[in-house]
Amino acid sequence: MSRILADTIAFGKQYMRSGVAMFFAFAFPILLILIFGAIFSSQGEVALPLPVQDLDEGPYSTVFLNILANISVVDIEVIPSDVDISEYISDESLLVALQIPADFSSQVGAILADASAGPVNLTLYGDQTTSTYGTMSQVVQAAIDGMNYGLLGESPIVGFEAQSISLEDNMTFMDFFLPGVVGLVVMTNTLYTITSICAEYKSRGYFKLLATTNIKKHEWLLSKFIFYTVLLFASLLLTFAIGQAVFDMTSSLTPLAFAFIAAGGFLFLAMGMLLGTLVKDPESASAIANAVGFPMMFLSGIFFNLDGMPSYMQAISKVFPLTYFNDGLRATMIYDNTEVALVNLAIVVVLGLVFFVLGSKLLSWKER
Amino acid sequence: MSAEPVIEVVELSKQYKDIRAVDGISLSIPSNQIFSMLGANGAGKTTTVEILEGLRSPTSGSARVFGVDVAKDYRPIRSRVGILPQNFEPFDMLKPTEAIEYWAGLFDKKVTRKDVSDLLETVNLSHRKDVVSKKLSGGEKRKLGIALSLINEPELLFLDEPTTGLDPRARRDLWALIEGIKKKGSTVFLTTHYLDEAEKLSDDVAIMHKGRIITRGSPEDLVRKHGKLTVIVLAGAGEVGLKEVTRRGIDATLESDGDLLVPVRDPTEMRQIFQKLSGIELKVKDMYTRKQTLEDVFLSVVGQKMDEGVLGK
Ligand SMILES: Nc1ncnc2c1ncn2[C@@H]1O[C@H](COP(=O)(O)OP(=O)(O)OP(=O)(O)O)[C@@H](O)[C@H]1O
Ligand SMILES: [Mg+2]
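Sequence lines, in order, name chains A and B.
Residues in the first sequence are numbered consecutively from 126, following this note's numbering.
Residues in the second sequence are numbered consecutively from 73, following this note's numbering.
Since the hints were derived computationally from the structure, they do not count as laboratory data.
Small disclaimer: the values here were computed from a predicted structure and weren't measured.
Any given hint could be a false lead.
The calculated lysine to aspartate or glutamate pairs, modelled on EDC-like cross-linking and capped at a C-alpha distance of 16 Å, are [said to hold, decoys possible]:
#1 B:Lys255 / B:Asp275
#2 B:Lys182 / B:Glu225
#3 A:Lys138 / B:Asp202
#4 A:Lys138 / B:Glu170
#5 B:Lys256 / B:Glu227
#6 A:Lys405 / A:Glu325
#7 A:Lys486 / A:Glu344
#8 B:Lys363 / B:Asp268
#9 B:Lys207 / B:Glu170
#10 A:Lys491 / B:Asp379
#11 B:Lys206 / B:Glu271
#12 B:Lys355 / B:Glu311
#13 B:Lys297 / B:Glu271
#14 B:Lys89 / A:Glu492
#15 A:Lys138 / B:Glu173
#16 A:Lys138 / B:Asp164
#17 B:Lys282 / B:Asp90
#18 B:Lys207 / B:Glu161
#19 A:Lys341 / B:Asp180
#20 B:Lys256 / B:Glu225
#21 A:Lys405 / A:Glu344
#22 A:Lys342 / A:Glu492
#23 B:Lys206 / A:Glu325
#24 B:Lys377 / B:Glu367
#25 B:Lys213 / B:Glu170
#26 A:Lys341 / B:Asp145
Examples of chain A residues toward chain B, derived with CB under 8 Å [unchecked claim]:
#27 Asn273
#28 Lys333
#29 Thr337
#30 Glu492
Okay, the calculated bits of chain A under chain B, using three or more residues with CB under 8 Å as the criterion [claimed, not checked]:
#31 128–136
#32 338–345
#33 364–375
Glycine included, C-beta positions come from ideal geometry on N, C-alpha and C.
Input sequences plus hints: build the corresponding full structure.
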């Protein structure tokens with residue numbers, strides 16, 4: 126025990142004195158949260174602009190525009206009635222534009238009197254192959270339907286209501302993103318660091334030095350585990366506090382979240398040690414850590430929900446330990462689903478133990 | 073001092089893929105000596121030392137330290153042995169005091185403040201105790217390495233090229249330190265490719281070449297055995313001098329710089345040779361006697377000179 130303690134203290138001192146390492150534990154997650162938070166948080170409120178030229182400006186065109194304006198996803202922009210719409214579209218590089226004909230109100234009046242005279246058409250300009258055009262034509266169609274029902278005095282039978290994708294009404298993007306950032310931080314700080322430490326210890330002869338003392342390989346790794354657990358707890362607290370302060374978050378810091386940090390730290394340290402058996406020098410260390418860490422970063426659902434991905438991608442993601450870490454951490458922090466969290470935690474712990482046993486067996490401190 | 077040797081090596085070999093780094097060496101080293109293994113780069117010194125440290129396994133033969141077979145289990149003797157590896161590098165971001173405390177911890181050893189400062193005093197590093205190690209000079213780093221190796225007050229200390237790459241002053245510093253360690257009763261196993269270092273420090277020298285020990289003995293013994301003990305130098309005598317001298321039946325060799333060397337194998341011959349020489353008309357710049365050194369021995373047994381570990385003509 127005293128050996129582990131001595132190694133933890135010495136490692137901690139060296140670590141704290143190297144600025145790069147501190148960056149990855151603290152500055153990195155905060156930067157990620159602030160940058161991505163700023164990018165994604167506003168997206169929910171963005172409405173698509175719909176430029177409209179109202180050549181009629183009569184009673185019925187006003188009614189129509191009111192209906193359109195009530196559809197929350199569009200933002201009506203007025204095109205002056207005295208310009209040529211085709212020129213205007215190309216001058217302003219518009220993707221779509223809606224034109225209400227000059228005789229709109231009088232035509233509607235005529236059709237109401239004699240139904241066989243209709244219908245009167247609105248014109249939607251734009252490239253029909255684009256998704257924006259598709260969306261807009263749906264929106265316009267919806268407004269037209271609404272107007273038709275109103276004019277005919279009938280009430281619609283089936284309606285629909287827009288609802289943003291979240292289980293809880295007020296869950297924000299940040300709630301989803303923060304556990305991902307935590308996963309990323311746990312992985313980079315342990316997996317990458319321990320792989321490069323293995324390379325450094327090999328090339329500078331530290332492993333050989335350690336082999337001449339009483340400390341054993343598993344004790345050495347356990348001391349890293351103790352240190353990183355404390356460090357990552359601190360990192361989690363800080364990251365969460367900043368997330369709370371800057372963004373409107375509803376997720377919570379559960380005891381299970383801390384269990385995940387510890388288990389995840391253990392898993393990725395053990396994995397790093399296993400990768401460390403393959404490295405010879407610092408260059409190969411970062412290559413190998415990246416080869417494993419990079420795909421894992423993108424395919425484990427750190428930045429986006431994997432449910433929307435093709436099924437083969439979801440299958441691949443099941444290979445990566447980080448997936449279980451992310452799923453479990455989200456289960457406890459966002460959805461408060463202890464059962465799912467515990468299953469994932471168990472997977473993380475078991476994988477960690479497997480890597481730990483393999484790593485301490487295969488990593489050689491001596492020369493053969 | 074027990075009569076039992078500290079190190080006992082019998083027919084030890086180490087084969088790497090296509091290199092026989094150590095080729096059947098046998099050694100027995102008694103306690104409280106400074107033993108030097110002298111050899112050029114690639115002679116097999118580090119391989120031998122690391123086998124004796126339990127860090128590499130031998131291909132064949134046996135090696136015992138304090139009677140323990142090093143290929144089997146090193147644990148029983150771990151704390152009786154101190155190790156300074158070749159090219160030792162301290163942990164960059166630790167201060168010498170912290171490094172010593174750390175090392176003590178790895179050996180389950182409790183050390184007090186005073187123990188630490190005494191150890192730093194021993195290696196003459198007290199004034200640098202609070203500087204992070206990466207800012208230490210090359211010599212200071214080695215001293216820290218020796219301090220770490222001394223943490224258990226070892227009975228046997230392995231120093232693998234402790235002074236390579238250091239300036240002359242730092243080397244002399246370390247020599248004094250090593251002599252001090254021996255005075256306290258330890259046995260020192262030193263490797264070096266500095267002939268003067270081996271000559272100055274060693275009680276016992278083995279010259280290693282291509283994995284074999286080609287000669288062994290105290291520096292004086294080796295000079296007596298392979299060298300000519302003393303030579304009379306006729307500086308600048310040249311070809312003419314050589315002819316004149318050999319005509320009178322005196323043995324001599326001509327150096328490339330024109331100096332003529334007349335060996336004196338037996339001190340009693342000295343007078344006689346001087347008498348003969350004084351009878352010859354010789355143009356010389358200077359005439360003096362010189363004792364031979366390990367350098368001459370090395371040249372004579374290996375057939376090549378050695379400079380910074382590199383063999384030359
Ligand atoms: N791990 C290894 N694998 C393969 N060959 C090796 C290994 N270690 C050493 N050698 C080779 O064995 C020979 C002896 O090497 P060793 O390091 O023992 O020499 P040395 O006397 O310590 O040299 P130096 O003065 O350069 O330190 C060299 O030819 C070296 O290239
Ligand atoms: Mg060597």
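* Satisfaction of hint between Asp275 (chain B) and Lys255 (chain B), Cα-Cα up to 16 Å -> 13 Å, holds
* **Check of the region 364–375 of chain A against chain B for coverage (Cβ-Cβ below 8 Å, three residues minimum)** => violated (count 0)
* 16 Å limit on alpha-carbon distance, applied to hinted pair Lys138 (chain A) and Asp164 (chain B) -> Since the Cα atoms of Lys138 (chain A) and Asp164 (chain B) sit roughly 11 Å apart, the hinted pair holds (cutoff 16 Å).
* Asked: Between Lys486 (chain A) and Glu344 (chain A), does the CA-CA distance stay at or below 16 Å?
  -> Holds: Lys486 (chain A) and Glu344 (chain A) sit about 13 Å apart, inside 16 Å.
* To do: Would you check the hint for Lys341 (chain A) and Asp180 (chain B), treating anything up to 16 Å between C-alpha atoms as holding?
  => 12 Å, holds
* Is Lys405 (chain A) close enough to Glu325 (chain A), meaning Cα to Cα at most 16 Å? -> Since the Cα atoms of Lys405 (chain A) and Glu325 (chain A) sit roughly 8 Å apart, the hinted pair holds (cutoff 16 Å).
* Would you check the hint for Lys207 (chain B) and Glu170 (chain B), treating anything up to 16 Å between C-alpha atoms as holding? => Measuring from Cα to Cα gives roughly 15 Å; hence the hint holds.
* With 8 Å as the cut and Cβ atoms as the points, is Lys333 (chain A) at the interface with chain B? -> 6 Å, holds
* Regarding the pair Lys282 (chain B) and Asp90 (chain B), is the alpha-carbon distance no greater than 16 Å? -> Roughly 13 Å separates the two Cα atoms, so the pair holds.
* Asked: Under the criterion that the straight-line Cα-Cα distance not exceed 16 Å, is the pair Lys89 (chain B), Glu492 (chain A) satisfied?
  -> 14 Å, holds
* Satisfaction of hint between Glu367 (chain B) and Lys377 (chain B), Cα-Cα up to 16 Å -> 8 Å, holds
* To do: Decide if the proposed pair is consistent with the structure: Lys138 (chain A) and Asp202 (chain B), CA atoms, cutoff 16 Å inclusive.
  => Holds - the C-alpha atoms of Asp202 (chain B) and Lys138 (chain A) are around 13 Å apart, at most 16 Å.
Going through the hint list in order, the structure does not satisfy hints 10, 11, 21, 27 and 33.
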